[in-house]
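The whole structure should be built from the sequences, with the hints applied where relevant.
Protein chains: 2
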Amino acid sequence: MNGAQSLLRTLVDAGVEVCFTNPGTSEMHFVAALDSVPDLRGVLGLAEGVVTGAADGYGRIAGKPAATLLHLGPGLGNGLANLHNARRACTPVVNVVGDHATYHKQYDAPLESDIEAVAGSLNGWVRRSGHPADVGADAAAAVAASMDAPGRIATLILPADVSWGDGGVAVAPVPPRGPRSTSDATLDAVADVLRSGEPAALLIGGDACRERELLATSRIANATGARALVETFPARLERGAGLPAIDRLGYLAEQAAYQLDGVKHLILAGARSPVTFFAYPDKPSDLVPEGAQVHTLSDREHDVAAALEAVAERVAADVEPTLAPSQPPAVPSGGLTPQNWVEVIGALLPEGAIIADEANTSGLLLPAATANSPRHDVLTLTGGAIGQGMPVATGAAIAAPNRPVINLEADGSAMYTLSALWTQAREGLDVTTVILNNNAYAILRMEMQRVGADLSGPTAKALLDLSSPGMDFVKMSEGMGVPASRATTCEELAEQFARAVAKPGPHLIDATVPPLL
Amino acid sequence: MNGAQSLLRTLVDAGVEVCFTNPGTSEMHFVAALDSVPDLRGVLGLAEGVVTGAADGYGRIAGKPAATLLHLGPGLGNGLANLHNARRACTPVVNVVGDHATYHKQYDAPLESDIEAVAGSLNGWVRRSGHPADVGADAAAAVAASMDAPGRIATLILPADVSWGDGGVAVAPVPPRGPRSTSDATLDAVADVLRSGEPAALLIGGDACRERELLATSRIANATGARALVETFPARLERGAGLPAIDRLGYLAEQAAYQLDGVKHLILAGARSPVTFFAYPDKPSDLVPEGAQVHTLSDREHDVAAALEAVAERVAADVEPTLAPSQPPAVPSGGLTPQNWVEVIGALLPEGAIIADEANTSGLLLPAATANSPRHDVLTLTGGAIGQGMPVATGAAIAAPNRPVINLEADGSAMYTLSALWTQAREGLDVTTVILNNNAYAILRMEMQRVGADLSGPTAKALLDLSSPGMDFVKMSEGMGVPASRATTCEELAEQFARAVAKPGPHLIDATVPPLL
Numbered sequence: 001m002n003g004a005q006s007l008l009r010t011l012v013d014a015g016v017e018v019c020f021t022n023p024g025t026s027e028m029h030f031v032a033a034l035d036s037v038p039d040l041r042g043v044l045g046l047a048e049g050v051v052t053g054a055a056d057g058y059g060r061i062a063g064k065p066a067a068t069l070l071h072l073g074p075g076l077g078n079g080l081a082n083l084h085n086a087r088r089a090c091t092p093v094v095n096v097v098g099d100h101a102t103y104h105k106q107y108d109a110p111l112e113s114d115i116e117a118v119a120g121s122l123n124g125w126v127r128r129s130g131h132p133a134d135v136g137a138d139a140a141a142a143v144a145a146s147m148d149a150p151g152r153i154a155t156l157i158l159p160a161d162v163s164w165g166d167g168g169v170a171v172a173p174v175p176p177r178g179p180r181s182t183s184d185a186t187l188d189a190v191a192d193v194l195r196s197g198e199p200a201a202l203l204i205g206g207d208a209c210r211e212r213e214l215l216a217t218s219r220i221a222n223a224t225g226a227r228a229l230v231e232t233f234p235a236r237l238e239r240g241a242g243l244p245a246i247d248r249l250g251y252l253a254e255q256a257a258y259q260l261d262g263v264k265h266l267i268l269a270g271a272r273s274p275v276t277f278f279a280y281p282d283k284p285s286d287l288v289p290e291g292a293q294v295h296t297l298s299d300r301e302h303d304v305a306a307a308l309e310a311v312a313e314r315v316a317a318d319v320e321p322t323l324a325p326s327q328p329p330a331v332p333s334g335g336l337t338p339q340n341w342v343e344v345i346g347a348l349l350p351e352g353a354i355i356a357d358e359a360n361t362s363g364l365l366l367p368a369a370t371a372n373s374p375r376h377d378v379l380t381l382t383g384g385a386i387g388q389g390m391p392v393a394t395g396a397a398i399a400a401p402n403r404p405v406i407n408l409e410a411d412g413s414a415m416y417t418l419s420a421l422w423t424q425a426r427e428g429l430d431v432t433t434v435i436l437n438n439n440a441y442a443i444l445r446m447e448m449q450r451v452g453a454d455l456s457g458p459t460a461k462a463l464l465d466l467s468s469p470g471m472d473f474v475k476m477s478e479g480m481g482v483p484a485s486r487a488t489t490c491e492e493l494a495e496q497f498a499r500a501v502a503k504p505g506p507h508l509i510d511a512t513v514p515p516l517l
Numbered sequence: 001m002n003g004a005q006s007l008l009r010t011l012v013d014a015g016v017e018v019c020f021t022n023p024g025t026s027e028m029h030f031v032a033a034l035d036s037v038p039d040l041r042g043v044l045g046l047a048e049g050v051v052t053g054a055a056d057g058y059g060r061i062a063g064k065p066a067a068t069l070l071h072l073g074p075g076l077g078n079g080l081a082n083l084h085n086a087r088r089a090c091t092p093v094v095n096v097v098g099d100h101a102t103y104h105k106q107y108d109a110p111l112e113s114d115i116e117a118v119a120g121s122l123n124g125w126v127r128r129s130g131h132p133a134d135v136g137a138d139a140a141a142a143v144a145a146s147m148d149a150p151g152r153i154a155t156l157i158l159p160a161d162v163s164w165g166d167g168g169v170a171v172a173p174v175p176p177r178g179p180r181s182t183s184d185a186t187l188d189a190v191a192d193v194l195r196s197g198e199p200a201a202l203l204i205g206g207d208a209c210r211e212r213e214l215l216a217t218s219r220i221a222n223a224t225g226a227r228a229l230v231e232t233f234p235a236r237l238e239r240g241a242g243l244p245a246i247d248r249l250g251y252l253a254e255q256a257a258y259q260l261d262g263v264k265h266l267i268l269a270g271a272r273s274p275v276t277f278f279a280y281p282d283k284p285s286d287l288v289p290e291g292a293q294v295h296t297l298s299d300r301e302h303d304v305a306a307a308l309e310a311v312a313e314r315v316a317a318d319v320e321p322t323l324a325p326s327q328p329p330a331v332p333s334g335g336l337t338p339q340n341w342v343e344v345i346g347a348l349l350p351e352g353a354i355i356a357d358e359a360n361t362s363g364l365l366l367p368a369a370t371a372n373s374p375r376h377d378v379l380t381l382t383g384g385a386i387g388q389g390m391p392v393a394t395g396a397a398i399a400a401p402n403r404p405v406i407n408l409e410a411d412g413s414a415m416y417t418l419s420a421l422w423t424q425a426r427e428g429l430d431v432t433t434v435i436l437n438n439n440a441y442a443i444l445r446m447e448m449q450r451v452g453a454d455l456s457g458p459t460a461k462a463l464l465d466l467s468s469p470g471m472d473f474v475k476m477s478e479g480m481g482v483p484a485s486r487a488t489t490c491e492e493l494a495e496q497f498a499r500a501v502a503k504p505g506p507h508l509i510d511a512t513v514p515p516l517l
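Sequences listed follow chains A and B, in order.
Here the first sequence is numbered in UniProt numbering, starting from 1 and rising by one per residue.
Here the second sequence is numbered in UniProt numbering, starting from 1 and rising by one per residue.
The set of hints was computed from the structure by calculation and includes no laboratory data.
Careful, some of the hints might be misleading.
[What the hints assert, rightly or not] Label-pair ranges, simulated between beta-carbon atoms:
id, chain 1, residue 1, chain 2, residue 2, range
1, A, A172, B, G470, 40 to 50 Å
2, B, Q255, A, R180, 55 to 65 Å
3, A, A133, B, Q449, 21 to 31 Å
4, A, G334, B, Q449, 56 to 66 Å
5, B, G452, A, D247, 54 to 64 Å
6, B, G470, A, D286, 51 to 61 Å
These numbers come from a predicted model, not from an experiment.
Cβ coordinates follow ideal geometry from the N, Cα and C atoms, glycine included.
Put into structure tokens, the structure is as follows:
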């Protein structure tokens, strides 16, 4: 067994089922080994941002890591933005980064690169395998490291000769470090705060925004009057009919300030203390209201659901949660606007959907329009590095082949990792992509005003404008093998969306939606 | 004047004319400042790999840096692969990477990232501006650092509040460190070696493969019998009718070994001692023939042209160079093959063309087919990180608006940075792209055999196959505003290529060429 074979065998034994790959020469023995370890499914991406973003989407849905296969420092670099998003989501990911053979590194060949420096920027786990006999143990450690609560990026650097050399040994899985428990003292203290009668807010986040956490949060809110909120960009949020509808904290600081106004106690459960996404001149970065006390019930390393349920037991033993009714909006009519397209989605969202939401400004009204639609998951742009939605949708569809995946995607963001469509076509994934095509970096138009920059000049205006030339996503999609159509009215979007969702395999709708601003 | 304005003013004063941008919120004051400093041309790319690759192509042709504008660590990460290629080319590039405001960093907001670690992996120059009053001096230092012989990547990190804060001061250019001179002792020693009668080879490289270096090298070779060679992947190679035709060292080790067989003295001028691109089991990485002595006439920090001319003066005072005749091949006929498509290009290459060559396996026969075509420049894949050709062509066209740019591009490589087409359309650049569409990662098929990996399994085979679904580059190109056509025969390619070259603005030809292997 060579190093690569022992790596694959160990990954599979530890429960890894998928490897998203964009390999080069140094990774050829890994690729060859896939035929001897058929339980690991190799999924090809045409660019590394697709590979790493797909691993993020996969991990958020599967709750365990996919592997990636990347080519030296440049390959890891190309994948870095979506690894950044995965890091912020605490998604478990195991990167395998091929490197030159150990004896080749001294020659500083053209692809020689500082892989450790790039991987190290992710604040995760990094190791370099030195010998084929070590690869199995290194792989088992990598999987465990990625799964240590709450989850992180593990990067294993695999020199070519360590991959092809004999002496590999498959190693049994290493148990990851599970979540910590919240102490009774903390539970009691938080319960006391909630019972105090002073205005309180309970902010949940991360992937602790699922059925158990939502139910407990709603019960606590109903019993104590505390405001319940979800952080702005949760890794995975369950919502829809039959679940408590809990608003997300607004992206705009003004909105968040309004939601938290008057709060004296802010209780964090799986969420971090809220700050603005960017700094804005003469505005505070910290969103905690002045004079409010912050209480951490549980951070991301804790068992958040257990903590919330224990608090609910203390303060809301006999109180029921409030569940959203099943009451999707009607399909609107007329030309598409930022206000009405979301209602088309809300009206027609299929049961059990996974929404990969990178609609940005076009999607500001989406949460309201889908709150009473059938139950679904939402995966958000956790790290703010755009170009994430299409790969995340791709990975989510691999993780949940029986669930419809809906990718709501801004035009500017789509262009970073558009070739995810090709992977969707190749793998026959059930992804419906709706491009919100407003011919602009609309988010930057909004931000430019907010940071006090002057956007009146023609050059600045032009650099936020994507209309010259306009992009035809129908053609681009068809060019990568994904059937596509164009919608300019609600009726067209409704008809095309319903048809796309009903038919297996990927589809794309290029929806012409004017900018919100 | 705010920090951003002082930055732009200083860049322009130092000769920087172009900034390739993919900005985010932290960079909005830089974007706004472009209207107050109109001499800096902002060119928008839809992904960072386009931005950094364009800066590489621009710098290789212009001989001075373009700036890039990137958004925090993820933006720099997305651009890292093409910065790696630029680093290997010793292209001067000035990255401006926006960061959170200084007081915002403590909050670890979603986009907080380790920019220094990522930038540091490039072994260039990195500085963080701390105050608006320092930005001008930092920018002047960055430009100088990028231009220090032989050229490198300079990265200036610009916090948002340093950008928007008042007190900026434009600073006069700082003279970069020029090339070193080769000592007379070295010149004499190399001349002695060349006169010794022992078999010698003279290897030139970097961007020291232009008229002066080629003429001197040819004279030396003619006078002494030394073999003249260009390194495998030079940053910029001038060639064609009227210039000495000097072969490049082969990519395949077997070919390079043949070219260097029997050599006792290997003289390096702007080239590094040759090594294989990758390690191959049981084959040496070092391509210097056993027992041969390596003599460095000049490394990349030297004035290579002056050194070669001084040697020519010593050993070839009255000897003429051999110049390639003007003798382009005839246009062949019939279905396209890896053998004949290059002759179509050779037959119709316009005078003064710049070729961005990322044709990979499909282009192995290109040099022979264009050796007697009109004079042209070739820009190659210096760092081996694919996805470079389309951005490099884009940047070259910005640097040389009056020269036809020809991008010969493998299908797999094209998919990393395809949105360069949109920038070409937006800017009306005169780039003719020929996609060599063989539906495969053909280079990996070749490499898989060469590294001794078993490619007989169906999974391994499938992961190197791009035919399912096949990619329609005509549609993708039209979707980004670049007119496109498909060619399957030499006649079609010739007709379409001649038409594309004759007409201003970008064009793409999707050429169906079967794999070489």
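Going through the hints against the structure:
Restraint check, A/A172 to B/G470: a C-beta distance of roughly 43 Å satisfies the suggested window 40 to 50 Å. Taking the beta carbon of each, B/Q255 and A/R180 are about 60 Å apart, inside 55 to 65 Å as hinted. Take A/A133 and B/Q449: their Cβ atoms lie about 27 Å apart, and the range 21 to 31 Å holds. Remark: the range hint 56 to 66 Å for A/G334 to B/Q449 is upheld by a beta-carbon distance near 60 Å.
Distance hint for B/G452 and A/D247: a CB-CB separation of about 58 Å, consistent with the stated range 54 to 64 Å. Roughly 53 Å separates the CB atoms of B/G470 and A/D286, a value that falls within the hinted 51 to 61 Å.
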